[in-house]
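A.B. asks: Using the sequences and the accompanying hints, generate a full structural model.
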Amino acid sequence: MIKPYTLGEIASFLGTRLVGDGRCEISGLGTLGGASPGQLSFLSNKVYLDQLATSQASAIILEEQFADRSTANLLVSDQPYVCFARASSLFAVAPALAPGIHPSAVVDSGASVSESASIGPQVVIESGVLVGEGSIIEAGCIVGRGSRLGSNCRLHSRVTLYHDVKLGDHVIIHSGAVIGADGFGFAFDGERLVKIHQLGSVDIGNEVEIGAGTTIDRGTIDDTVIEHGVKIDNQVQIGHNSRVGEHTVICGCTAIAGSAMIGKHCVLGGASGMVGHLHIADGVEVTAMSLVSQSITEAGLYSSGTGQMKTSDWKRAVVRFQQLDSMAHRLRKIEKSLEDN
Amino acid sequence: MIKPYTLGEIASFLGTRLVGDGRCEISGLGTLGGASPGQLSFLSNKVYLDQLATSQASAIILEEQFADRSTANLLVSDQPYVCFARASSLFAVAPALAPGIHPSAVVDSGASVSESASIGPQVVIESGVLVGEGSIIEAGCIVGRGSRLGSNCRLHSRVTLYHDVKLGDHVIIHSGAVIGADGFGFAFDGERLVKIHQLGSVDIGNEVEIGAGTTIDRGTIDDTVIEHGVKIDNQVQIGHNSRVGEHTVICGCTAIAGSAMIGKHCVLGGASGMVGHLHIADGVEVTAMSLVSQSITEAGLYSSGTGQMKTSDWKRAVVRFQQLDSMAHRLRKIEKSLEDN
Amino acid sequence: MIKPYTLGEIASFLGTRLVGDGRCEISGLGTLGGASPGQLSFLSNKVYLDQLATSQASAIILEEQFADRSTANLLVSDQPYVCFARASSLFAVAPALAPGIHPSAVVDSGASVSESASIGPQVVIESGVLVGEGSIIEAGCIVGRGSRLGSNCRLHSRVTLYHDVKLGDHVIIHSGAVIGADGFGFAFDGERLVKIHQLGSVDIGNEVEIGAGTTIDRGTIDDTVIEHGVKIDNQVQIGHNSRVGEHTVICGCTAIAGSAMIGKHCVLGGASGMVGHLHIADGVEVTAMSLVSQSITEAGLYSSGTGQMKTSDWKRAVVRFQQLDSMAHRLRKIEKSLEDN
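Protein chains in written order, with this note's numbering: chain A, 1 to 341; chain B, 1 to 341; chain C, 1 to 341.
Bear in mind the hints are in silico, worked out from the structure with no lab data behind them. Possibly wrong hints are sitting among the right ones.
When chains are identical, the list treats them as one kind, so a pair holds in a single copy or across two.
[Said to hold, decoys possible] Simulated pairs of lysine to aspartate or glutamate, EDC-like, Cα-Cα distance not exceeding 20 Å:
1. K195 x E335
2. K264 x D189
3. K310 x E115
4. K195 x D223
5. K3 x E63
6. K315 x E207
7. K195 x D169
C.D. replies: Here you go:
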């Protein structure tokens, strides 16, 4: 199914220097240790340097400094991992879709769909929707009234956009994601919780990718904003009125409460959390399953939690954790008594 | 698109005292700091008192005691935030749907759908289903055999109700939610895990709201129960056989294991968790990302976890956490040696 | 609706010894404390031994040693809980579906669907798909190009399989689950994040069950693998390139990062997490909301986190946690000063 490329074609596509046989056929990618002949591999982490000599890969992307350590065909680059990422697009197997609207799709007459767009089976497109050039909306997606997709977006199957959601260009959204559901806002009247209707929407920039099952809520008054280049993994929750800065990465299962302001080029580790109304500066990284419980004003690496232990040991540590304040007082008392002597 | 109201109409709708020009046209809502002329704002938190004088809002909802601090038109109320919530319904932009069944929907002949109900495109309604007056089932929803919706419910697009699920009146469920999937029950026979078929269902009261991607499992023998007025945010998981008491609030990404008994008027913070077979009293609040690991018998605020730290500092603290029991023993030994002297 | 069975029929189905009246009609299951006459119950946990004498159940499954403590009809077994699980299949109420393809389904002419399979309304089946004997694909499912289902699988409504996903036999997948979305892989080129196309797929063994809203990502180069008999609860995330060993149990809301290698017969507690590229040995159990932050080479029970506390006490403990390293140093200093004296 997958078209092979010559190594020369790949070198030219990547703009890398070729060492060896440019006519060598490459039909796929592999890791250094796992590649078969006919595959292209890469070295970006010195941990794998030992595998260079024995790799079965027909060609390897690597830095100049390691070029003399391999007898394979080589593509020489300062950024082997980035080149590998770029090369992966050549072998991508996600099915292409022809332009046009599948007859089972329900497209409102008041929607405007580019002729080069592709609308899959069982899709629903409501009135006032705009779908830009080359965008693909796969089977079972629902695009709510007045939502707008730029060019070359791809909604994988079963994505929901509520009404008035805006996507830039080259946005990818995976199956099951829900963009623009109501933010979670209620006022307690002493007896019951009165719903605060969510009058804003969601505004998503260019080249954003959103994972399967992720939910991004619409704003209460203004929009929830996801800036250009943000990458969001699966099952992430982003609360209403939040803003996520350009090129930030949010790993799977992260829970972000409402009105969060997250800077550019941040990394939120998997299953991390962030309580509402906090700010995070540019360049902050948060490790897995940590809770951001106060605003962070300086770039750097932040964590919470305790390390993993055998449960038998951990139970004792937890008891002591609960005595920690009293232990601190007792320690201080001893220090004073020793100072006094 | 949105119809403006006069301030007099809004005052009358809310039942608040009007100070100023009742003919003033209001076309939307805004925060004190962000509102434009033509918008209605509110003051419910004294933190924002300073913004009262400079707000561009054409009218402000506030308490009597602050009425002399503003020159805008005023709506005077003891509960400004609740009034704001009620006013938000006037400007809600969620598309209305006309009664009737979309031709692309598949409705079993053995289902009973009220004439005032609205069934969207690509919906599937199985046999024995009842849909009450004024209920709206949006595009792509699946309503399983024998499920019953009361009046004025709204299933946003792509909601699944499994078979025999019961919803009260005025229930709102957001896109991607799954109600009534099998509870997670298996018996290990020494070699493999034998499925325990889940013979109960899910019973949801009136005025419950359920967020996008949330899952509520059917009971093993009896029903999983969500009582009246409960509000559940996105991506919450509620295990089989649980009961959630009236007007309790469950924030996003919370994980509740099976057979949990949660009281009334509780608040479970975002990404919190609760292990199985525990009880929580009425009026308990749990802070974000805390794990309820024992039953809670008294109202109050509960937490677990550690605060966020720079990772470099945190790593040292984590090492010490693992030594905590031994530190406690050493502390006790010192105390004893000092006592003995 | 549910067909009653005689106790004799059930004893024969389970292969258990019957004590009492084999003609007794059983129409359902119940707990010891909650069962009504006509129901079958079980005793597997001695905690409930007291309820044996007063249970209203018409028959009880229990071990030989307790047989003389009850006057009900009895089914005697070494594994009462497993027998109860097996008996539950007799009373399962999940709707059956007749073989055939619903007229509203969109099935590509290049797909191959067994005549004994059942394809529900609004389903989409793309080219090259194989659906094995007796498999059921419920309403609104999307099965991507080239995916293969073995025999007797059941996809509940609104499941997505991306392209080239492989399921074994007797696989159950619940509503909203997404199998085969792109793994989360990007290379940072100094300015933006370059997507690494995910060229592998997902390979799922026999008798695997996958919960509602769960996501399992496709591998970067090789497949993500879920081995035979694995049971996965709702809203679990399994990152690309991971492998989950046979008969392992993963409870709800667990977040597993990429390239995780998890052994056989493990139990990952609810809302637990696992950072990327780690190994877990066979027979490891992880308690709820614990983070696996290092590989685990020995079977056993592991935990992280702190126990739940009143928030007022907890705040003090958290402050001390942040001082823990300094407390440890101060403790050591005191010990030294006492040793020196």
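A.B. asks: None of the hints should be skipped; say for each whether it holds.
C.D. replies: Going down the list of hints, with the structure as the test:
Taking the shortest alpha-carbon separations for K195 and E335, neither the intra-copy value of 55 Å nor the inter-copy value of 57 Å comes in at or below 20 Å. Proximity of K264 and D189 under a CA criterion of 20 Å is satisfied inter-copy only: 15 Å between copies versus 39 Å inside one chain copy. Taking the closest pair of Cα atoms, K310 and E115 never come within 20 Å of each other, the shortest separation being 60 Å inside a single copy and 52 Å across copies. For the identical chains of this complex, K195 and D223 are intra-copy neighbours only, at 18 Å inside a copy versus 27 Å across copies, given an alpha-carbon limit of 20 Å.
In this homomeric assembly, K3 and E63 never come within 20 Å of each other (Cα to Cα): the closest approach is 27 Å inside a single copy and 63 Å across copies. Neither within a single protomer nor between protomers do K315 and E207 lie at most 20 Å apart by alpha-carbon distance, with minima of 46 Å and 35 Å respectively. For a Cα distance limit of 20 Å, the shortest separation of K195 from D169 across copies, 15 Å, qualifies, whereas the shortest one inside one copy, 34 Å, does not.
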